[in-house]
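Mind docking chain L on chain E? Use the hints.
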Amino acid sequence: MRDVAVVGFAQSDSMRRETDRNEVEILIPVMQELRKKTGLTNDQVDFVCSGSSDYLAGQSFAFIAGLDAVGAWPPICESHLEMDGAWALYEAWVKIQMGYADLALVYGFGKPSMGDLPLTMALQLDPYTTMPLWPDAISIAAIQARLCQEGGTLSAEEMAERAVRDRGNAKSNPYAQVKGDFSVDGILADPYIANPLRKHDCSPISDGASVMIIASAEKAREFQDRPAFIRGFEHICEPMDFGVRDLTSSKSTEIAAEKAGVRADKIDVAELSAPFTHQEILVERALGLDESTNINPSGGALAGNPIMAVGLTRIGEAAARIWDGSADRAVAHATSGPCLQQNLVCLMEGN
Amino acid sequence: MSEPSLTAPHQLAYTYKRSLGPVLSRFFTALRDRKILGVKRKDGTVLVPAREYDPDTAESLDELVEVQDTGVVRSWSWVPKPRAQQPLDHPFAYALVQLDGADTTMLHVVDAGSEAQMATGMRVKARWAKETSGAITDFVFVPGE
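Chains as they are written, first to last, in the working numbering: chain E, 1 to 351; chain L, 1001 to 1145.
The following block holds chain L by itself, in its conformation from the complex:
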């Protein structure tokens, strides 16, 4: 009989700091102030999160516009057993949320309490952290106007 293999834990991490560039810097600074920014494309539609380049045409984008922190769930999935790294320690939903004023959805979290509360088309609003730090985790969505 051979002895069982040795095992050891190993933590992968992104341990260095980096500049976010002209557009994402403003996007994240705005989050710190509890505002969500999109970016206007040439055709007038608004992308959220804001992006430095148009994903279809690769044109530079820099016209940032504020969108609402309320919106509509376009699709979702339920996380019955969150992992330690995930943003909430109780069951929640990941969802594609289209914010009021935005033409695209963004992937984020909905703290709905139970799966039965989730539905495509439901209204959600941001619940901001008591202390914001300029990160995408400064808010989660909750059901309601």
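This is chain E alone, in the form it adopts within the complex:
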């Protein structure tokens, strides 16, 4: 395996509704900020890879417009995934592993506020047996939360604790959208929005974008004194039908974590992109995290959920803590599909 490291990152604010700029106009200043911070120029980039969703934009091939932020002349080597930018990073990492590139520019962007996001998410379900019923994302998550609560996997109190922790942590994150001091009792006094989920159990709807540079070891130190070397990178998918999955655990996260070597040593920082509080608990358990790990110092997805960028942003937030020396070993998580169907785990180390 080649040593490959995350060496640059920039992100937009997570915004509830960006009314005046389109997806690409949200992305462009983030790309400019990254270039300014790192001095990156296009001739240094061997491969460009992005994650976004045409379903959010409401038109086919909407992602092509994202290239306006990169600059596609002279011709570039480029790829796109209809997935979170974390998976675009995975593709770029494979490209570098195979020796086809030494440095890659990766980005994710989305503007879900143009539609009704919980309903748009129904379009990712089986198009014949499930999607025609239009089960919205919150209803489906609520079914999972009830299975967890009634089966004794977790409690409403534990879920509220995640919201309190993440939104409290997010007070020091200038890009976060939902932040502040909340209490478990206060949250549990709130009404349900989809029994047994309360508003605080759900991530916000966020427009936003993030951009990252990864490079082979030889090039990495041109950008960072202490690059965040990727030591394990895995993603695993579970079946499409809810009925054949155990929704009270995150088996795919567990397998990915095992393959990535997460449990081999202490984890200093973890950044999780679970969009619901009960899912965050399932991911924590699947990764084997305990109090010794600083979980979601940025606030995670519960404090800002720029869909299609949120997973990549978790990797960027975790990497930044290796760059500044506050962590030696960090893990980042991204998810895709309903009820944590597909999960990605990225393990990074400073040495």
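Keep in mind that the hints are not guaranteed to be accurate.
[Said to hold, decoys possible] Across the chosen pairs, the derived CB separations fall in these ranges: (1) L1088(L) to G168(E): 36 to 44 Å; (2) M131(E) to G1144(L): 24 to 32 Å; (3) T1045(L) to E157(E): 48 to 56 Å; (4) R1127(L) to R17(E): 33 to 41 Å; (5) T1007(L) to K199(E): 24 to 32 Å; (6) G1021(L) to R17(E): 38 to 46 Å.
[Stated by the list, open to error] Only pairs whose alpha carbons sit at most 27 Å apart, straight line, appear in this in silico BS3-like list of lysine-lysine: (7) K251(E) to K1081(L); (8) K199(E) to K1081(L); (9) K251(E) to K1042(L).
By construction, these hints were calculated from the structure, which means they are not laboratory data. From a predicted model like this one, the values you see are computed outputs, not experimental measurements. Glycine residues also receive a C-beta, built at the ideal position from the N, C-alpha and C atoms.
Frame of chain E; chain L shown alone:
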């Protein structure tokens, strides 16, 4: 002061026809006849809805078996304000329902009247549309045997 941005409605739709393949074709044709089919896996358990491939082993599956249109709610969530696209125009539940004769649950709709009527473990039965079309929306579940 800048003027407010222009906005325009846009409808996303799946506007083309496609073949459902050997297993789902029979599943949906059966729905038209008010029957629900599952598929038997190698280990004898029955998946509903019927699937062409085993989700664990990827083996081809083709032994379709009829299951009952009655079953048990294994989990649910309440929809207090249905959206226009959703199957009912009054509050209802989405639920994981395990049909009698099936070993797995399926996601569907329960028209229970009120949230207080919903409980995990409750019995439900299909209420079929007056005219069926061979679609998953040909029925919804209602409480009862």
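Holds or violated: K251(E) and K1042(L), Cα atoms, limit 27 Å. 23 Å, holds
Quick one: are R1127(L) and R17(E) within 33 to 41 Å, going by C-beta? Since the Cβ atoms of R1127(L) and R17(E) sit about 39 Å apart, the hinted range of 33 to 41 Å holds.
Has the hinted range 24 to 32 Å been met by the Cβ atoms of T1007(L) and K199(E)? 26 Å, holds
Between K199(E) and K1081(L), does the CA-CA distance stay at or below 27 Å? 15 Å, holds
Taken at face value, is the distance from the CA of K1081(L) to the CA of K251(E) at most 27 Å? 33 Å, violated
Honestly, do L1088(L) and G168(E) meet the 36 to 44 Å range at C-beta? Cβ of L1088(L) to Cβ of G168(E): about 39 Å, so the range 36 to 44 Å holds.
Assessment of proposed distance window 48 to 56 Å (beta carbons of T1045(L), E157(E)): Violated: the Cβ-Cβ distance is about 36 Å, outside 48 to 56 Å.
If I claimed the Cβ atoms of G1021(L) and R17(E) lie 38 to 46 Å apart, would that claim hold in this structure? Given about 41 Å between the Cβ atoms, the range holds.
Honestly, do M131(E) and G1144(L) meet the 24 to 32 Å range at C-beta? 27 Å, holds
In summary, the structure is inconsistent with hints 3, 7 from the numbered list given earlier, while agreeing with the others.
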